[in-house]
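Novice: Since chain A is already given, all that's left is putting chains B and C on it; use the hints.
Residue numbers (the numbering used here), protein chains in the order written: chain A, 204 to 425; chain B, 89 to 475; chain C, 59 to 273.
Keep in mind that a hint or two might mislead.
The list that follows gives simulated cross-link-like pairs (lysine-lysine, DSSO-like), each with its CA atoms no further than 27 Å apart [claimed, not checked]:
1. K280(B) / K273(A)
2. K346(A) / K286(A)
3. K239(A) / K377(B)
4. K280(B) / K243(A)
FRET-style restraints, in silico, Cβ to Cβ [what the hints assert, rightly or not]:
5. N430(B) / R338(A): 30 to 38 Å
6. F331(A) / V456(B): 40 to 48 Å
7. P290(A) / N430(B): 35 to 43 Å
8. V456(B) / R154(C): 53 to 61 Å
9. Q269(A) / V456(B): 52 to 60 Å
10. P314(B) / A72(C): 27 to 35 Å
11. V456(B) / H348(A): 46 to 54 Å
12. A369(A) / L93(C): 55 to 63 Å
Please keep in mind that the hints were generated in silico from the structure rather than gathered at the bench.
Owing to the predicted nature of the structure, the values given are computational and were not obtained by experimental measurement.
Note that CB positions come from ideal geometry on N, CA and C, so glycine has one too.
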Amino acid sequence: MLGTGIIKGLAETARNFIGSYTDPERLVTVEYPDQKLPAKENARNFPFLVFDGDDWEKGLRCVACQICEKECPPQCIYIEKSKDKKPDHLGKPQFYPAIFNIDVSVCMSCQICVEVCPFEAIKMDTAFELSTGDRFDALLLRKDHLAKSNDYYNSIHPTEAGEIDARRAEERAKAEAKAKADAEAKAKAAAAAVTEKPPDPTAATAQKTNPDAPSPEPPKAN
Amino acid sequence: MSATDLAANYNTTGKPDSADIQSDVLEVAMGPHHPSTHGVFRMDVALEGERIIKLKPVFGYLHRNHEKIAENTSYLASMPYTDRLDYFCSMTNNWAYALSVENLAGLQVPERAEYIRVITAELTRLLNHTCLVGFLLQDMGALGTPLMYAFREREKILDLFEALSGSRMMCNYMRFGGCRCDLPAGWLEQAKLVVANYPRFLDEFERLLSENEILIARTQGVGVLPRELAVNASVTGPMLRACGVNYDIRKVDNYGIYDRFEFRVPLGDHGDVFDRYMIRVLEMRESLKILNKALAEIPDGPVIDPKAKLRGFRPKAGEAYGRIEAPKGELGFYLISDGGPNPYRYRVRPPSLINLTILEDMCLGHTVADVVVILGSVDIVLGEVDR
Amino acid sequence: METLEEIKARIEAAVSGAQLEILANDSPSGQRSLLVDDNHALTVAMFLRNDPGLQLDYCSNVTGVDWPDKVEKIKTKVKKVVDGAEQEVEETIEKRTPGFLEAVYHLYSMSLKHGPAILRLRTENRTDKVHLPSLTPVWRGAEFQEREIFDLYGIVFDGHPDLRRILMWDGFKDHPMRKDYVEPDDYEYEPTPHAEVLEKARAHLPQPQPKEASA
Chain A
204 MLGTGIIKGL
214 AETARNFIGS
224 YTDPERLVTV
234 EYPDQKLPAK
244 ENARNFPFLV
254 FDGDDWEKGL
264 RCVACQICEK
274 ECPPQCIYIE
284 KSKDKKPDHL
294 GKPQFYPAIF
304 NIDVSVCMSC
314 QICVEVCPFE
324 AIKMDTAFEL
334 STGDRFDALL
344 LRKDHLAKSN
354 DYYNSIHPTE
364 AGEIDARRAE
374 ERAKAEAKAK
384 ADAEAKAKAA
394 AAAVTEKPPD
404 PTAATAQKTN
414 PDAPSPEPPK
424 AN
Chain B
89 MSATDLAANY
99 NTTGKPDSAD
109 IQSDVLEVAM
119 GPHHPSTHGV
129 FRMDVALEGE
139 RIIKLKPVFG
149 YLHRNHEKIA
159 ENTSYLASMP
169 YTDRLDYFCS
179 MTNNWAYALS
189 VENLAGLQVP
199 ERAEYIRVIT
209 AELTRLLNHT
219 CLVGFLLQDM
229 GALGTPLMYA
239 FREREKILDL
249 FEALSGSRMM
259 CNYMRFGGCR
269 CDLPAGWLEQ
279 AKLVVANYPR
289 FLDEFERLLS
299 ENEILIARTQ
309 GVGVLPRELA
319 VNASVTGPML
329 RACGVNYDIR
339 KVDNYGIYDR
349 FEFRVPLGDH
359 GDVFDRYMIR
369 VLEMRESLKI
379 LNKALAEIPD
389 GPVIDPKAKL
399 RGFRPKAGEA
409 YGRIEAPKGE
419 LGFYLISDGG
429 PNPYRYRVRP
439 PSLINLTILE
449 DMCLGHTVAD
459 VVVILGSVDI
469 VLGEVDR
Chain C
59 METLEEIKAR
69 IEAAVSGAQL
79 EILANDSPSG
89 QRSLLVDDNH
99 ALTVAMFLRN
109 DPGLQLDYCS
119 NVTGVDWPDK
129 VEKIKTKVKK
139 VVDGAEQEVE
149 ETIEKRTPGF
159 LEAVYHLYSM
169 SLKHGPAILR
179 LRTENRTDKV
189 HLPSLTPVWR
199 GAEFQEREIF
209 DLYGIVFDGH
219 PDLRRILMWD
229 GFKDHPMRKD
239 YVEPDDYEYE
249 PTPHAEVLEK
259 ARAHLPQPQP
269 KEASA
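Okay, chain A solo, but in the shape it has when bound:
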């Protein structure tokens, strides 16, 4: 009979229609913004800078090495190094970015800046509800907008952030242990030098062997 194919097709459509009342597989509409789809852990949207602790300027992990600026395909990152240095989580003095701008009208969310960063300083955000009324100025994100805390990073990408935190804690422990061992070794060497020298009546050496004089110590890590 002519038309059986069409009737079979209509039966299929009817099955989908009736099924959308009973089978959750068939009704796939999510009433956004009242309902939202569950966020995926690995999703990425635009980058942000991670800082440790409470003070975003002091805790910023970025050391302005400019590797992400060089590797960015559309070249949307602009960095200017600072003139002075501040200590990082291992105590070593590092530069920090005086200016760090990302032009999100150009950024294509490719994640290459995250892959090449050696300091775990830039990561991908998942926030996508970013509409703003200003077309020009608000699309250039500066350092203060980009800096978000490590707790926020842990909340959006728990697995990655957990691994990175564990690794950094290990490195810090190692660095502290090394610093302590170095300090002890130096103190021992200084004490050995003091005891081996014979007592000398001259005034020049008297100052050296004076036990009350402060002995030079290596600068302590913060």
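Specialist: Coordinates of chains B and C only, in the frame set by chain A:
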């Protein structure tokens, strides 16, 4: 001007021009703003009544000069741009580029990465063919229903890609020597679930469409492409196999680990639109076979070659051409390196552009409504045609 | 498929007068190419397609490449008359190797499932002698790709059925993919925080005139 020796009634003048035609000839530009031309694509047609007597495709509206950008950026930084070539199938674009660079630089890919590549490529093939069937039916007038069913399935695969690479469409996932990162926890189970539910969707689709009299009347015998012309016009992919030519690069080149999987290559008899539609449905079923096996057998191990460098990658001077069977046809990348960090010449061989060569030959003598259906069956994406 | 040397020998036997050269390829892919001279390219292509041993009936990819002029500075010792006495003086001479444009054809066989065989055609220079024979009469698939090479590089293919611009619009001047292409800076722009775009835009738009103070 001599025409090619294989197509007799082939109009060789540039634009449709009616200077020497007696009857009423109407010259119309179909597109670039057109709901059925799959992107910003224009066809200058000369119509006699409803019949086409000349058709010249015009494109370049989406030309972003990807090849010149690649000459000024490093090899790694071109990878996100390849996502945007055929924007429906970003994983296969990435794989084709990574394969060409691996040929150029001699990198080895570990086994787990090969399995992941095959899994993502076959999922992409499912995505693309699903989309195509939905869009083809939409162009024929089934306003939305098959398309929505198709997109319902596509969403599940896009969710998988988001969990894997971070982004639904612009994945940027392959690297030279492997993949960017390993599969997250629970991904394999989720993928197995999606693949297990797919045959039910395909059966539903076939019940919905394949016996539909309107579909059969509109597609059988329409847009016939003879075998010799298809081979000579460098047509590849499902369009070629619909004409009966058995040429699937997965079987010919055996790139990756495709020689470990048993799958058939569906071939058509007539080379018309209906054959192309059915070939794609059958290819989806073959992809499911490959996926089932790959998901079951994937080994553990590293996902990237330890010798591959992320930064400062400078392959030796030389050239290489690497190609894969993308869902639309043969996607190839031709790279010439001069030893520097950027390629000297970077060329994309776009399957959609080359499949358009014989659009005119297929459409001559058909009506305007058929042109839309034939163009839908060629399966073009303007991102690839124009680069 | 036979090796490139065997193919070359057979072509030379079949097509008299053809000048062929095998070009090396240092990369691990090992895909060497065959350089063919312009006059015999069409006959060689027909032979490659119709020969029963090769049957290269599928032209997969046609690429254009731009090789600009190379300028080498060579230091040589030249005898010159300096202050009345003949001396050997070191001079730097500029050696200029003329550049050329190239079309590269990747050929495969669908019937015998082998390949690739790579053909190269070179023009004489980049300025006026930029004609090459079109291989579209042999492989129809080269039609759009040769048009693209004409559009982006400027190689004129003789014998092409419909040679006009394909990606750029019809009135476009110059050929964008050449290495010495300079893009015009008066394209349409949108003010973005990128400073250089603003600078270029200021150069082209009329600046607001300062208001004259009323006397």
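Novice: Now look at each hint and say whether the structure bears it out.
Specialist: Okay, the hints, checked on the actual structure:
1. K280(B) / K273(A): Roughly 40 Å between the alpha carbons, so the hint for K280(B) and K273(A) is violated.
2. K346(A) / K286(A): Answer holds: K346(A) to K286(A) is near 17 Å, not above 27 Å.
3. K239(A) / K377(B): 34 Å, violated
4. K280(B) / K243(A): 18 Å, holds
5. N430(B) / R338(A): 30 to 38 Å: 33 Å, holds
6. F331(A) / V456(B): 40 to 48 Å: 41 Å, holds
7. P290(A) / N430(B): 35 to 43 Å: 38 Å, holds
8. V456(B) / R154(C): 53 to 61 Å: Since V456(B) and R154(C) have Cβ atoms about 56 Å apart, the given range 53 to 61 Å holds.
9. Q269(A) / V456(B): 52 to 60 Å: This hint holds: roughly 57 Å between Cβ atoms.
10. P314(B) / A72(C): 27 to 35 Å: At 28 Å between Cβs, range holds.
11. V456(B) / H348(A): 46 to 54 Å: 53 Å, holds
12. A369(A) / L93(C): 55 to 63 Å: Given about 59 Å between the Cβ atoms, the range holds.
Hint compliance for this structure: hints 1, 3 are not met, and every other hint is.
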